[in-house]
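With the hints as your guide, set chain B onto chain A.
Taken in sequence, the protein lines are chains A and B.
Numbering-wise, the working numbering puts 184 at position 184 of the first sequence, and it's gapless, one number per residue.
Numbering-wise, the working numbering puts 320 at position 320 of the second sequence, and it's gapless, one number per residue.
Note that these hints are calculated values from the structure, not bench results.
Among the clues, some could well be false.
Below, in silico cross-link-like pairs of lysine-lysine (PhoX-like), each with a Cα-Cα straight-line distance of 20 angstroms or less [to be verified]:
id, chain 1, residue 1, chain 2, residue 2
1, A, K177, B, K310
2, A, K173, B, K106
3, B, K310, B, K322
4, B, K104, B, K53
5, A, K106, B, K173
6, A, K246, A, K195
7, A, K310, B, K177
8, B, K173, B, K104
9, B, K104, A, K106
10, A, K173, B, K173
11, A, K177, A, K106
12, B, K173, A, K104
13, B, K106, A, K104
14, B, K106, A, K106
15, A, K355, A, K323
16, A, K173, B, K104
17, A, K195, A, K177
In case you want the letters, here they are:
There are 2 protein chains.
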Amino acid sequence: MSRGISKSDKNFSFGRKCPWDNENDPDALVGNMRGSEPLINDQTDSYQLICEKYPSFRERSENVDLVVEISLQPWKVFKPDGVILFSDILTPLPGMNIPFDIVKGKGPIIHSPLRTAADVDQVREFVPEEFVPYVGEALGILKGEVNNEAAVLGFVGAPFTLASYVVEGGSSKHFSKIKSLAFSQPQVLHSLLQKFTTSMARYIQYQADNGAQAVQIFDSWATELSPVDFEEFSLPYLKQIVDTVKQTHSQLPLILYASGSGGLLERLPLTGVDVVSLDWTVDMAEGRRRLGSDIAVQGNVDPGVLFGSKDFIAKRIHDTVKKAGNSKHILNLGHGIVVGTPEENVAHFFEMVTKYVDTGERTEMNGPASLDYQITKGGTKRNHHCKNGLTVKQASHTRDFQKGVEMCLDAKNSFFEADKGVAPFEHPLFSQDENGYTTRCPTLIRARIRDRSTSRKFVVLNHDLCEDG
Amino acid sequence: MSRGISKSDKNFSFGRKCPWDNENDPDALVGNMRGSEPLINDQTDSYQLICEKYPSFRERSENVDLVVEISLQPWKVFKPDGVILFSDILTPLPGMNIPFDIVKGKGPIIHSPLRTAADVDQVREFVPEEFVPYVGEALGILKGEVNNEAAVLGFVGAPFTLASYVVEGGSSKHFSKIKSLAFSQPQVLHSLLQKFTTSMARYIQYQADNGAQAVQIFDSWATELSPVDFEEFSLPYLKQIVDTVKQTHSQLPLILYASGSGGLLERLPLTGVDVVSLDWTVDMAEGRRRLGSDIAVQGNVDPGVLFGSKDFIAKRIHDTVKKAGNSKHILNLGHGIVVGTPEENVAHFFEMVTKYVDTGERTEMNGPASLDYQITKGGTKRNHHCKNGLTVKQASHTRDFQKGVEMCLDAKNSFFEADKGVAPFEHPLFSQDENGYTTRCPTLIRARIRDRSTSRKFVVLNHDLCEDG
Chain A
1 MSRGISKSDK NFSFGRKCPW DNENDPDALV GNMRGSEPLI NDQTDSYQLI CEKYPSFRER
61 SENVDLVVEI SLQPWKVFKP DGVILFSDIL TPLPGMNIPF DIVKGKGPII HSPLRTAADV
121 DQVREFVPEE FVPYVGEALG ILKGEVNNEA AVLGFVGAPF TLASYVVEGG SSKHFSKIKS
181 LAFSQPQVLH SLLQKFTTSM ARYIQYQADN GAQAVQIFDS WATELSPVDF EEFSLPYLKQ
241 IVDTVKQTHS QLPLILYASG SGGLLERLPL TGVDVVSLDW TVDMAEGRRR LGSDIAVQGN
301 VDPGVLFGSK DFIAKRIHDT VKKAGNSKHI LNLGHGIVVG TPEENVAHFF EMVTKYVDTG
361 ERTEMNGPAS LDYQITKGGT KRNHHCKNGL TVKQASHTRD FQKGVEMCLD AKNSFFEADK
421 GVAPFEHPLF SQDENGYTTR CPTLIRARIR DRSTSRKFVV LNHDLCEDG
Chain B
1 MSRGISKSDK NFSFGRKCPW DNENDPDALV GNMRGSEPLI NDQTDSYQLI CEKYPSFRER
61 SENVDLVVEI SLQPWKVFKP DGVILFSDIL TPLPGMNIPF DIVKGKGPII HSPLRTAADV
121 DQVREFVPEE FVPYVGEALG ILKGEVNNEA AVLGFVGAPF TLASYVVEGG SSKHFSKIKS
181 LAFSQPQVLH SLLQKFTTSM ARYIQYQADN GAQAVQIFDS WATELSPVDF EEFSLPYLKQ
241 IVDTVKQTHS QLPLILYASG SGGLLERLPL TGVDVVSLDW TVDMAEGRRR LGSDIAVQGN
301 VDPGVLFGSK DFIAKRIHDT VKKAGNSKHI LNLGHGIVVG TPEENVAHFF EMVTKYVDTG
361 ERTEMNGPAS LDYQITKGGT KRNHHCKNGL TVKQASHTRD FQKGVEMCLD AKNSFFEADK
421 GVAPFEHPLF SQDENGYTTR CPTLIRARIR DRSTSRKFVV LNHDLCEDG
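Same shape as in the complex, but just chain A:
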């Protein structure tokens, strides 16, 4: 899973703050961040240049070659653990008989907003194979291109969030039209929400069948509802999507993104998703407590942190990692990267993530031995037994940081499951170089140190990265 910033984090912000939704911020991705050295130009056209050549957002997001090129840009530069499909949550709409356009400086325009039962009757069920074959094709190419060095991630819009666009007619500040519908003719809205639910469940299955290894569901606007209304107009539909997808794709990790959910956290696990994206307005430790221990978290770092000093960035990453604890955490920004972010700070973010997460340079990160790894001072070789009594193995990396990384791998929740009995660092995926033990798949081991116990699905996901590679 993505641990850091990617162009596609920008995609992950759709709905809440769409790139096409901000006059001052048109189609802003990594490619047009300001920085002394535009890293991304080393290999490909910047996203900005692509936008000049192809000014239509819909063209860029519906042309297989462009989708693949744009999706790969940040991965080629920063090597995050995830590559996110370049697309839009509204992409399925024309296939549901809801035409839309994206107008520069205005955002999405739904030409005929849906507000009556008769309008909703005209909405067709979405057949991805038929209406968005380019999505499946692009996912397949992406999976081949990244060659399992990272996970390919898909995404869809949640029913309430999609409904808000088609009822409001586009972006909205106050959501008065959809609230008017919800609070005076709820049955009409429920009928629309059910259509989106059926269609989006199918769209997730389609994405998974074509190469997506995890799928994020965006319910950005559901957080504009009171909790009691969220329980009526969003939660049951999210749950239905998760239940439907799990029937056919039980191993597919599903992530829920709902920024501004500080008043809703306790309700989010009820959807059944595997991971919740936390925004930065919630403290990571408090968020984990309120979400409960069964669910993984990602996000939480304020994108504004990347406007800070390098020391501040390092400190905040460290604090977030520390508060998140030793498992079920995917380090990431809590929202899309902001236009104007110094590119060198993005690079620094990745450097620091690697440092803290991979090596545990800061010893305050120590976790209890019962967790699946811990980082200790000194780096003297010791054998160590986990409280759960499962396989234990230790390795030291003292040369670079005068610290040791001690890992406590349990057979139940490990990608070594298939090789039970093989000590982790004797596993064929690992080798020893002059700095000590390394892995032939650095992405994997980085991801695993943070994520391996996120859930069995994540382990499978990350396992695949190397097994196939």
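Okay, now just chain B, sitting in the frame of chain A:
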């Protein structure tokens, strides 16, 4: 305190969603709500008409006659318990040597944004008497005009929120400039925040001295910070303001407005304010639990509710009142009223508020006997002792609603304190008419039923309304 909607609720939304901040929503107040019968035109020019005559927001908010006229508009129509000064949180800026303008469709423009230590050095301390005498004059006139039938409410911007405007140069989506300052040169920002803190404390004192009977502090943008950053850049300054004001105005109720605070609730009482404004994205019952029992709450009703059916509006008011419990609650919207709100629904809101709050028509509102009043079925006369063993008195109103209102008044926390020993309904402010006991000051008794235990200050505030009147 205001129990319902007022034009000034719109003021109370400044910062979060400014009327001048929304192209589609220019200067939108009650006066230009769509409705079959523009109630407000019965007595005065609509706000829309005033805007046509005086297109400059600064002129409207800095001219005593206009300020008074606009402030009184919603009160004359809907008779809320509060009349809020028509003004802007940025009004003090020119007096601090920070010129600004409000440009239609763009919002506030700070001509020379402050971003360096040298910039901050140029900021002067605010002397309200000297720079905004029209505010004091308007407050004085308002106090006379409303003649203690309602409370006159003032407001100020919180240091972080003011700083965000002057550092960003106006409104912002991502707050990248102030975050850049906060996360790379925090001492420069702290220096600016301290100047706003000193000045706003003084401004609150000035407003109170000139007629404001409670003051709301707007920290709309502090909720864009991570909790750890809120603790550094907002909380200590809010606390300092509260501490300073309480030294000279210990009885002045201070209200904190910070929408989007679902991740911050537990921290808000640490500011020392008397009341927290909850937005609607937090469940009222959960919000109360998280805020603790010492603090009063107001707000919480989604302004979008007013786009719903009349039945829905009634139901939501009832639910909110029920969840809020029997004390320390001021019923209100959680944000400013939205353009396009049907005016008849606003009227219905007030009608329903009166019904539920004043008469306890719905008996599910029953609270435990230890609270300072309860509403019971039947209305048979009973004496009743509070758990705290203090003065108890009961009165019944059975004729209209077949229900009784039972009040448990404690001497410690009562506006009858000065008349200890006088039974409440024998108090000179009360009389008995054909419907049972009533009060000569209906606003007072309505407010007291919900608010009397909000805090001693609120009791004093509401008491004053009648004592002076």
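Verification of the hints:
no. : hint            : result
1   : K177/A - K310/B : holds (16 angstroms)
2   : K173/A - K106/B : holds (15 angstroms)
3   : K310/B - K322/B : holds (18 angstroms)
4   : K104/B - K53/B  : holds (15 angstroms)
5   : K106/A - K173/B : holds (15 angstroms)
6   : K246/A - K195/A : holds (19 angstroms)
7   : K310/A - K177/B : holds (16 angstroms)
8   : K173/B - K104/B : holds (18 angstroms)
9   : K104/B - K106/A : holds (18 angstroms)
10  : K173/A - K173/B : holds (13 angstroms)
11  : K177/A - K106/A : holds (18 angstroms)
12  : K173/B - K104/A : holds (17 angstroms)
13  : K106/B - K104/A : holds (18 angstroms)
14  : K106/B - K106/A : holds (15 angstroms)
15  : K355/A - K323/A : holds (17 angstroms)
16  : K173/A - K104/B : holds (18 angstroms)
17  : K195/A - K177/A : holds (19 angstroms)
When each numbered hint is compared with the structure, no violation occurs for any of them.
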